[in-house]
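Number of protein chains: 2
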Amino acid sequence: MSAYRELSPSLRTIMTPGPVEADPRVLRAMSYPVLGQFDPEFTGLMNETMSMLRELFRTGNEWCFPVDGTSRSGLEAVLVSLIRPGDRVLVPIFGRFGHLLAEIAERSGAEVSVIETEWGTVFEPETVIQAIHRHKPHLVAIVHGETSTGQMQPLEEIGKACRELDILLVVDAVATIGGTAVETDQWMLDAVIGGTQKCLSVPSGMAPVTYNSRVEQKLLSRKRIERGLADPAAGEAAARPVSDSIRSNYFDLSQLQDYWGPMRLNHHTEATSMLYALHEGLRIVLAEGLEERFTRHRINEMALTAGLQAMGLQLYGDQASKLPVVTCPLIPEGIDGEQVRSMLLHQFGIEIASSFGPLKGRIWRIGTMGFSCRQTNVLQVLGALEAVLLRCGFRLPAGEAVQAALDVYTGK
Amino acid sequence: MSAYRELSPSLRTIMTPGPVEADPRVLRAMSYPVLGQFDPEFTGLMNETMSMLRELFRTGNEWCFPVDGTSRSGLEAVLVSLIRPGDRVLVPIFGRFGHLLAEIAERSGAEVSVIETEWGTVFEPETVIQAIHRHKPHLVAIVHGETSTGQMQPLEEIGKACRELDILLVVDAVATIGGTAVETDQWMLDAVIGGTQKCLSVPSGMAPVTYNSRVEQKLLSRKRIERGLADPAAGEAAARPVSDSIRSNYFDLSQLQDYWGPMRLNHHTEATSMLYALHEGLRIVLAEGLEERFTRHRINEMALTAGLQAMGLQLYGDQASKLPVVTCPLIPEGIDGEQVRSMLLHQFGIEIASSFGPLKGRIWRIGTMGFSCRQTNVLQVLGALEAVLLRCGFRLPAGEAVQAALDVYTGK
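Sequence order for the protein chains is U and E. Counting in the UniProt record's numbering, the first sequence runs from 1 upward without gaps. Counting in the UniProt record's numbering, the second sequence runs from 1 upward without gaps.
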């Protein structure tokens, strides 16, 4: 007889840059019974999901589907499918997740060049464009919303420059998709990777991606049919030299699109319950409306920042390029950031985040994402943070933070 | 306003080799609220999951954790983490999923040798051992339960031979784990990959893996700390030459074990709801008891095969090496297998599977796995299949199939 108990997770107020709280309707969707992967009812849900993703990514791209894995599985699927070993890849880095793109590209066999700008800022588009002219990469990979620093990189001019030079532009929109505008077609982004567990408020475990025909062309030039599926009689087969084929089977987008497309060529077994969750999450996003959703994120961000500043906290980084869904207060002198986080969690059931590398111990990161991004949560985190800081001996004007936030909500 | 409707998936009786029905308790677990990935309550669940996986895999291995992706993500994680480009890999193939192992190994840069045996049979262990002596591989990768043909490969002698020759043995136990014995330690398997959506009856989306210290040693020799996480001051860093590092970031087991281990080094964001599902699924498996569970699978298999034979259907493949959780009746002459499957699904809500490649149109595959593996389902599929075959003009002794199955259940 097993000694393990049934699950009974505590209720949390999650104000991190992800994973955030999921809408109860999304959680319910995951509790529905399993359908087979080729059941017409299930493939119908797959098709609807693709169609909703097109609206989310603001694109006419045929290919919009999730990779079955967490957000970085989508990044790796796009990069490993596009990069031929030896290809030149340029990665402009302004935080931790830029380093991740460089790392994935490098492991995919690329010759990676990076340019870096100070954490807490973003690039002038012209700086990136000059680097493109200098390095002449096959592909540029860049983060849109950098959650490690709370910064957001403008992409429109970079997109235009890449298109003119016939360079592929791959964008990590894991943190921004569903929370602020991501204009795949208008900004001329060739491939975009979104995340589920942030502004979409669907649990971690899928990575929606989209890519255009420029990308597809490159994929098809590297395509191989999976062994054991190819029909040798039809001359299909794994005849293409291995050296040029995509280095991963799981992340081979040319195979994934044959599974998501009308051929329905067997690849993995689609993650049923996660697909239910994504389908329901997208339905909720589109029912709210993208513009309305972005406005909601903006208002809660304004209330949060007003409250933090009223508390006497300073915000990290260039506010002109602030990521609207993550706010990074500096940890005040003499305060132990981890102790504050621990008190918030254990006394108030509220989670906020620390950061990485050079920013560890210097800033907190507070997310206002998706279902977690709501007035009740913002007021709660401000009230609790104030109480904890007072408890830790930080001098602040008691009561003002919540009032400042309420002023924003009531339009005062 | 969105035109997409709320989810409302139909109830199905799923008798395929996966995905199969999930226990209602597993479905409920996925509907619980999200916890943060570093919330002590969540990391506690991660630790419990590892501990339950050790019991499932029958191993003392430290490392037992899920890869966040479908089953083949686990296969790729193990192979790409272990294979240095140029390494010799031997893959004995007796069905489609052997080809998949060869394909993943090849894409990971291995020099792959394969030996093949006729589909519907398995290898004499001695044949594999001779091939090992001939090819002198660094690694042998083999399928345990081959769902494409319904065959199960005995592994004990192969494990012993590999250990004696200091060769790593990687086993795909996706179809067998939780349904029939998989003795990781006793059979001297160095790395084993399980599946969730088959005999564990947890929805697709995770791949539990385990590996021993022989494997870990090889991983550590290739280890790199992720860029943006390494502390250059501590001399850590990505100093290792890229050429020797693991080709994937997402599937880098040396990084995954630092996330699952006490260091809790940030990698991906663990898939919260899938982990809840796996935790609950494992709890249910261990509460039933492994031996009791295997016996249940055997009895339902006996009832199903008795019923199919009473109906006049022949079973495909060598019955001495039959995989106990998948049964493959030959499609009778003159019957359209796909029409039968479609009638079962649309008239009876029952799903059975077809097969791949050379077996497409020749056999059906009926799973008796996990929560789907129960008397009511077996009786239902036999009754419905008989009705559909009669409808299609196949001559059979009406009524006998269900009686034969009942005889098994009542011990007559």
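These are computed hints drawn from the structure, not numbers from a lab. One thing to keep in mind: the hints can contain errors.
It does not matter which identical chain is meant; a pair holds if it fits inside one copy or across any two.
Unchecked claim - The list that follows gives simulated cross-link-like pairs (lysine to any residue, SDA-like), each with its CA atoms no further than 20 Å apart: (1) K136 x G86; (2) K360 x M263; (3) K360 x N266; (4) K136 x E400; (5) K360 x T121.
Being a predicted model, the structure only gives us computed values, none of them experimental.
Evaluated hints:
{"no.": "1", "hint": "K136 x G86", "verdict": "within (13 Å within a copy, 31 Å between copies)"}
{"no.": "2", "hint": "K360 x M263", "verdict": "between (48 Å within a copy, 16 Å between copies)"}
{"no.": "3", "hint": "K360 x N266", "verdict": "between (44 Å within a copy, 13 Å between copies)"}
{"no.": "4", "hint": "K136 x E400", "verdict": "neither (53 Å within a copy, 73 Å between copies)"}
{"no.": "5", "hint": "K360 x T121", "verdict": "within (17 Å within a copy, 57 Å between copies)"}
When the structure is compared with the earlier hints, a violation turns up for hint 4 alone.
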